[in-house]
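Asks: Protein chains in written order, with my numbering: chain G, 6 to 159; chain W, 196 to 528.
There's no promise every hint is true.
Within a straight-line C-alpha distance of at most 16 Å, the following computed EDC-like cross-link-like pairs (lysine to aspartate or glutamate) qualify [as the list claims (entries may be wrong)]:
#, chain 1, residue 1, chain 2, residue 2
1, W, K318, G, D20
2, W, K318, G, E136
3, G, K143, W, D445
4, G, K154, W, D445
5, G, K95, W, E211
6, W, K394, G, E104
7, G, K153, W, E211
Quick caveat, the hints were computed from the structure, so don't treat them as lab data.
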Amino acid sequence: MSQSYKDFLDKYKIDDFKTSLKLSGHTKVDFYNDIDKLLKSMSTIFDKLATIGTMRGAQVLMAIAKLSGPDKVVNKTDVKNCLNMDRLEKIQPAIEYLEKAKYITIEKKTEKFHIIKLNNKDNPDLYIFREIIQKYWKSPREEAEQAKKWSEER
Amino acid sequence: MRNSLKSEVELNFEDEQGFKDSVKIIRSEYNKKALKSIVYIAMVLSIALSYLIYGYLPYIKKNFITGLLATESFVLEGTSLPLNLTFSWTIFSTCIFLIIYFFRLSRVKFTPSLIKYIERETKYVGFEFIKKIESVGLFMVLTAVSIAILFYIDTRLIQFNNTFWSIFFQNSFFVYLLISLILPIIFIYRNDKFAIKIKDNVFVLCNLHYSLRKNKEFDPNLLGIVLTSNRLCSKFDRSGKYIYSKISEDRWLLRNEPFTMSPFLHFEEYSVPFNFQKQFLNIVLALNEWENNYISNLNSINYYLSNTVSYYKYGKKKNEISNQLIYLKFLNH
Numbered sequence: 006m007s008q009s010y011k012d013f014l015d016k017y018k019i020d021d022f023k024t025s026l027k028l029s030g031h032t033k034v035d036f037y038n039d040i041d042k043l044l045k046s047m048s049t050i051f052d053k054l055a056t057i058g059t060m061r062g063a064q065v066l067m068a069i070a071k072l073s074g075p076d077k078v079v080n081k082t083d084v085k086n087c088l089n090m091d092r093l094e095k096i097q098p099a100i101e102y103l104e105k106a107k108y109i110t111i112e113k114k115t116e117k118f119h120i121i122k123l124n125n126k127d128n129p130d131l132y133i134f135r136e137i138i139q140k141y142w143k144s145p146r147e148e149a150e151q152a153k154k155w156s157e158e159r
Numbered sequence: 196m197r198n199s200l201k202s203e204v205e206l207n208f209e210d211e212q213g214f215k216d217s218v219k220i221i222r223s224e225y226n227k228k229a230l231k232s233i234v235y236i237a238m239v240l241s242i243a244l245s246y247l248i249y250g251y252l253p254y255i256k257k258n259f260i261t262g263l264l265a266t267e268s269f270v271l272e273g274t275s276l277p278l279n280l281t282f283s284w285t286i287f288s289t290c291i292f293l294i295i296y297f298f299r300l301s302r303v304k305f306t307p308s309l310i311k312y313i314e315r316e317t318k319y320v321g322f323e324f325i326k327k328i329e330s331v332g333l334f335m336v337l338t339a340v341s342i343a344i345l346f347y348i349d350t351r352l353i354q355f356n357n358t359f360w361s362i363f364f365q366n367s368f369f370v371y372l373l374i375s376l377i378l379p380i381i382f383i384y385r386n387d388k389f390a391i392k393i394k395d396n397v398f399v400l401c402n403l404h405y406s407l408r409k410n411k412e413f414d415p416n417l418l419g420i421v422l423t424s425n426r427l428c429s430k431f432d433r434s435g436k437y438i439y440s441k442i443s444e445d446r447w448l449l450r451n452e453p454f455t456m457s458p459f460l461h462f463e464e465y466s467v468p469f470n471f472q473k474q475f476l477n478i479v480l481a482l483n484e485w486e487n488n489y490i491s492n493l494n495s496i497n498y499y500l501s502n503t504v505s506y507y508k509y510g511k512k513k514n515e516i517s518n519q520l521i522y523l524k525f526l527n528h
């Protein structure tokens with residue numbers, strides 16, 4: 006079980022250039038599982054940091070990352086629903102901030118319909134961010150649905 | 196924020212100004228509530244005092260309750276109300292109960308607008324925020340029984356003599372009167388809580404932490420909501436403790452904070468109004484995981500007898516299953 010990046014490097018001797026990395030059979034599975042754990046931990050850290058912060062910027066960014074995809078169109082209502090918010094006003098200041106900070110771009114199709122995208126061009130780190138979030142992060146809407154489903158079980 | 200027609204206040208914790216205004220509203224509501232409770236206590240005290248002066252004082256030398264219960268031949272000197280004992284006990288117990296109830300109410304930090312806020316947030320996730328007041332119901336039931344018996348004593352339908360059963364009933368009834376007074380008071384402190392019902396026998400208790408002193412500096416953590424699950428298992432249950440630690444670790448839940456004296460394990464989570472929904476879902480899903488992974492003691496004993504690994508579902512076996520799944524997923528890639 007490796008949850009530390011340093012332990013991970015040590016375990017497979019990745020930073021030891023005298024030893025070649027041999028992955029086969031179970032070692033390959035272990036290697037995959039260890040990377041999986043590291044990325045999952047990173048997703049948890051993102052989630053917790055987003056909850057600690059007083060502004061919803063991080064949560065909105067995570068929701069956009071979760072919803073984004075090559076054939077997907079994301080608008081503010083989608084983000085609101087993903088975060089299980091009752092009102093759009095709750096995320097409005099965060100969206101404005103993210104746009105000003107150039108973390109997202111907003112394409113205004115009509116007065117009310119705005120398409121939101123991650124600004125990968127200016128922030129290439131958002132590629133890996135999106136991948137981690139899409140694979141490991143459970144949105145508040147998904148969590149609420151899971152909780153509700155369980156509460157209705159007899 | 197304020198609806199003048201219904202005098203409803205909607206709290207907003209989304210920005211600094213909204214937060215400051217909301218805290219101000221909560222403080223003023225709390226002060227009003229505390230003042231109201233003090234007025235109610237004063238009213239109850241004045242009623243009790245008036246009764247004591249005008250009704251009870253002439254018989255004060257008689258050691259009222261024990262005297263009346265002592266012998267069949269006990270008769271009050273002078274003219275008295277026909278239901279003197281019933282009336283006195285009702286006034287006495289009700290006053291004591293109400294004074295403690297209002298005193299406790301004045302210390303409870305939940306205010307109407309805050310209750311509304313939590314109610315709305317909880318409802319939006321699909322759950323129900325409830326105020327559990329068990330003490331009032333219990334007090335009414337116990338007092339109704341004692342009033343009924345005292346009524347029979349007052350009207351001489353029940354009379355005492357020096358036989359064993361008579362003395363036994365007399366003492367038992369005296370103990371009952373004490374219990375009917377003490378038990379609801381214990382319930383005021385232990386059972387009257389604000390809780391969110393998750394499912395049958397599963398709930399999350401809400402407690403508030405905030406300073407009532409006027410603080411000019413903006414502090415988003417000024418108002419904290421502590422969420423505590425119902426009891427999970429005994430602290431001495433090794434398997435339960437392991438699963439509890441694993442779930443708490445994975446979900447970053449608080450550990451061993453407010454319930455250090457309790458012999459049971461509880462999940463605990465701390466939230467501020469801004470992230471209440473998210474933290475609440477975190478503790479609910481922790482409870483879900485607990486239910487899916489914990490085997491009750493009875494099953495655990497059977498498991499102990501048939502297995503040497505004590506990690507149950509959450510231990511090695513579970514990891515093996517998940518490893519296999521990842522392995523298959525990995526091969527499919």
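Asks: List in ascending order the numbers of the hints, as given earlier, that are violated by the structure.
Replies: Numbers 1, 2, 4, 6, 7, in rising order.
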